[in-house]
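**Q** What follows is each chain in one-letter form.
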Amino acid sequence: MKVLVCISHVPDTTTKIKFTEDNSALDKEGVQFVINPYDEFGLTRAVWLKEKEGAEVTVLTVGGAEVEPTLRKALAIGADNAIRVDQEATDGFQVAKQIAAVAEAEKYDLIITGRESIDYNGGQVGGMVAALLQQPFINACVGMEVEGDKAELIREIDGGKEKLSAQLPFVIGGQKGLVEESDLKIPNMRGIMQARKKPLDVRPPAETAPRTKVGTFEKPAPKGDVKMVDAENIEELVRLLHEEAKAL
Amino acid sequence: MDHYQAPDYYGVDELLTEEHKLVRGATRDWVKKEVSPIIEDYAQRAEFPKQLIQGLAEVGAFGPYIPEEYGGAGLDQISYGLMMQEIERGGSGIRSTCSVQSSLVMFPIYAYGTEEQRKKFLPRLASGDMLGCFGLTEPNHGSNPGGMETHYVDKGDHYLLNGAKLWISNSPYADVAVVWAKNEEGRVHGLLVERGMEGFSTPETHNKWSLRASATGELVFSDVKVPKENLLPGKSGLGAPLSCLDSARYGIAWGALGAAMDCYDTALRYAQERKQFGKPIAGFQLQQKKLAEMITEITKGQLLVWRLGTLKNEGRATGAQISMAKRNSVEIALKIARDARQVLGGMGITGDYPIMRHMMNLESVVTYEGTHDIHLLITGMDITGENAFK
Ligand SMILES: Cc1cc2nc3c(=O)[nH]c(=O)nc-3n(C[C@H](O)[C@H](O)[C@H](O)COP(=O)(O)OP(=O)(O)OC[C@H]3O[C@@H](n4cnc5c(N)ncnc54)[C@H](O)[C@@H]3O)c2cc1C
Numbered sequence: 001m002k003v004l005v006c007i008s009h010v011p012d013t014t015t016k017i018k019f020t021e022d023n024s025a026l027d028k029e030g031v032q033f034v035i036n037p038y039d040e041f042g043l044t045r046a047v048w049l050k051e052k053e054g055a056e057v058t059v060l061t062v063g064g065a066e067v068e069p070t071l072r073k074a075l076a077i078g079a080d081n082a083i084r085v086d087q088e089a090t091d092g093f094q095v096a097k098q099i100a101a102v103a104e105a106e107k108y109d110l111i112i113t114g115r116e117s118i119d120y121n122g123g124q125v126g127g128m129v130a131a132l133l134q135q136p137f138i139n140a141c142v143g144m145e146v147e148g149d150k151a152e153l154i155r156e157i158d159g160g161k162e163k164l165s166a167q168l169p170f171v172i173g174g175q176k177g178l179v180e181e182s183d184l185k186i187p188n189m190r191g192i193m194q195a196r197k198k199p200l201d202v203r204p205p206a207e208t209a210p211r212t213k214v215g216t217f218e219k220p221a222p223k224g225d226v227k228m229v230d231a232e233n234i235e236e237l238v239r240l241l242h243e244e245a246k247a248l
Numbered sequence: 249m250d251h252y253q254a255p256d257y258y259g260v261d262e263l264l265t266e267e268h269k270l271v272r273g274a275t276r277d278w279v280k281k282e283v284s285p286i287i288e289d290y291a292q293r294a295e296f297p298k299q300l301i302q303g304l305a306e307v308g309a310f311g312p313y314i315p316e317e318y319g320g321a322g323l324d325q326i327s328y329g330l331m332m333q334e335i336e337r338g339g340s341g342i343r344s345t346c347s348v349q350s351s352l353v354m355f356p357i358y359a360y361g362t363e364e365q366r367k368k369f370l371p372r373l374a375s376g377d378m379l380g381c382f383g384l385t386e387p388n389h390g391s392n393p394g395g396m397e398t399h400y401v402d403k404g405d406h407y408l409l410n411g412a413k414l415w416i417s418n419s420p421y422a423d424v425a426v427v428w429a430k431n432e433e434g435r436v437h438g439l440l441v442e443r444g445m446e447g448f449s450t451p452e453t454h455n456k457w458s459l460r461a462s463a464t465g466e467l468v469f470s471d472v473k474v475p476k477e478n479l480l481p482g483k484s485g486l487g488a489p490l491s492c493l494d495s496a497r498y499g500i501a502w503g504a505l506g507a508a509m510d511c512y513d514t515a516l517r518y519a520q521e522r523k524q525f526g527k528p529i530a531g532f533q534l535q536q537k538k539l540a541e542m543i544t545e546i547t548k549g550q551l552l553v554w555r556l557g558t559l560k561n562e563g564r565a566t567g568a569q570i571s572m573a574k575r576n577s578v579e580i581a582l583k584i585a586r587d588a589r590q591v592l593g594g595m596g597i598t599g600d601y602p603i604m605r606h607m608m609n610l611e612s613v614v615t616y617e618g619t620h621d622i623h624l625l626i627t628g629m630d631i632t633g634e635n636a637f638k
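Protein sequence lines correspond, in order, to chains A and B. Okay, so the first sequence: first residue is 1 according to my numbering, each after it adds one. Okay, so the second sequence: first residue is 249 according to my numbering, each after it adds one.
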């Protein structure tokens, strides 16, 4: 079984976000990058498939050379080999096209993406990859058991869960639940050493053009001051809502 | 997981490879997950958290620079240093366990042992199936180990070992002890003494105010029959144990900086949050002096150990250079711990913050592996050519 885990290289969740002067891009100066948290659940699940069913796990990132430490970490955690598609993709469609191009050549049985990446939160790549490959897509996937070429899956839906069955090959958008937080693997020293010798294949990008273009970014307006109103003083509350907040 | 955060005032990170950072980040993640939540409690109760041994082995903290064929990871010396730094940010006691296992037990078996000894012990020490200890210090011979009384006699098919060692880290839990003893000619050799050998016991030393989460004890040998194949043949004389100490001291030079960083981080955060006289205490000059001096010393220390690591990778670090770094790191860590404790006022003495624990631990670190004075004398001898020990 060949598994592809698509890994997004994203700013750490505690990063203080700044933009470049014209607000057209993230200012990467001083920002630390990590494996997209949703992808980390998928990666761990894939490593289990490797340990239990002997799956071969490939990790892939579309990006410049600066994403390689993230791929090395994924190799240290247990992936067998890595692919970097050498393109600074600017939208989800471009990323999906690159992944699909690799997948068409390599014929994976299972493709795992995160339900979204925590940088731009597009949430599009998994679905687009599936569409481009004409495969089923199970998003917000919180459980997956594979048996031969069939799989039982659980998907988070509004207010509950949905159980599905699907036939390989397919694409999932993974998240917590696929494995738990306590299952996430910290790479060990032997893994880090072995990662040195595992192949990290840099591939030229397929020809694609982005379909969207970012104009500018802006930060959410800072939260206003909090005004405490005594629970007894309904009149004052109504007055404030009316005159200051102009919500009534 | 959160990204790695630590003081780095001079961009020392840029001197590290991506792999170094991966090693450091992984160790940090492990320490935050496994050590930080429990260490205060174990230190308060003066108990060794022996359940951590498996995890330490799994992450690769035992013999990271020992080649892979013997169960190590084959990493370089800077990686080893960074691991010790991160583990000691959690606690000096746990770092001590790692130093002993890696540098004082696995290193001599690897460097001076036979192929059979390497195959028998190293993989089991790396995997945590076995815990080791290192017996050099004796009740009457601490700074002057050359005067040791522990000795053995060749009885034809075995050696007969007698004597006692004191202040031995890990001894109460150790499965194997690397014991330094004199033969009939008075020459120091290393012997592998295994738990269960008749006449060998390891009583624990109680009532320590320092390294309370690390077990310390004695090694007592009364007519212990040690099989001849348990002698380390590769090196004899005092230089053999001292070379192990060089390796451990190197790790301590990094480790103590980790303790210093934890104290500094804690004090800085506290000073920015704690308000007195209507403003954060970080705004008062006297507190800024403490904090500014802390980061200055940490930064100097980081550069020193990084350079020492590159020398060690090239096999060029001298014992005297290692002494300087060990002495410097522990000295500044102790001073930073004391200043940081004051920044926290009364809160600084409680177990809600790690500072007092680090401070008390560092009182052992400044004494073991060569006391503060002895390292100074080593530097003195190195630069003047005059021996001031005796
Ligand atoms: C918690 C802990 C764990 C330890 N773990 C181990 C271990 O695993 N294995 C092991 O073998 N040992 C271990 N030690 C022992 C440690 O290495 C010794 O304590 C240390 O070498 C000092 O020896 P001592 O305590 O006998 O002090 P002494 O040598 O008696 O020194 C007392 C004082 O005299 C000073 N002094 C001594 N000689 C001179 C001199 N020539 N000139 C000037 N001043 C001098 C010293 O600097 C010190 O201040 C451990 C110690 C502690 C506290």
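Careful: at least some of the hints might be erroneous.
No more than 25 Å apart at the CA atoms, straight line, and that leaves these computed lysine-lysine pairs for DSS-like [unchecked claim]: (1) 198(A) to 523(B); (2) 223(A) to 527(B); (3) 269(B) to 548(B); (4) 18(A) to 2(A); (5) 523(B) to 227(A); (6) 28(A) to 269(B); (7) 52(A) to 227(A).
I should point out that these hints are in silico values taken from the structure, not numbers from a laboratory.
**Q** Give a verdict on every hint.
**A** Quick rundown of the hints versus the structure:
1. 198(A) to 523(B): violated, 53 Å
2. 223(A) to 527(B): Holds. Residue 223(A) to residue 527(B) sits at ~23 Å (cutoff 25 Å).
3. 269(B) to 548(B): Distance ~20 Å between residue 269(B) and residue 548(B) Cα, so the pair holds.
4. 18(A) to 2(A): violated, 39 Å
5. 523(B) to 227(A): Since the Cα atoms of residue 523(B) and residue 227(A) sit roughly 23 Å apart, the hinted pair holds (cutoff 25 Å).
6. 28(A) to 269(B): holds, 18 Å
7. 52(A) to 227(A): Status violated; Cα separation ~57 Å.
Hint violations for this structure: numbers 1, 4 and 7, all remaining hints satisfied.
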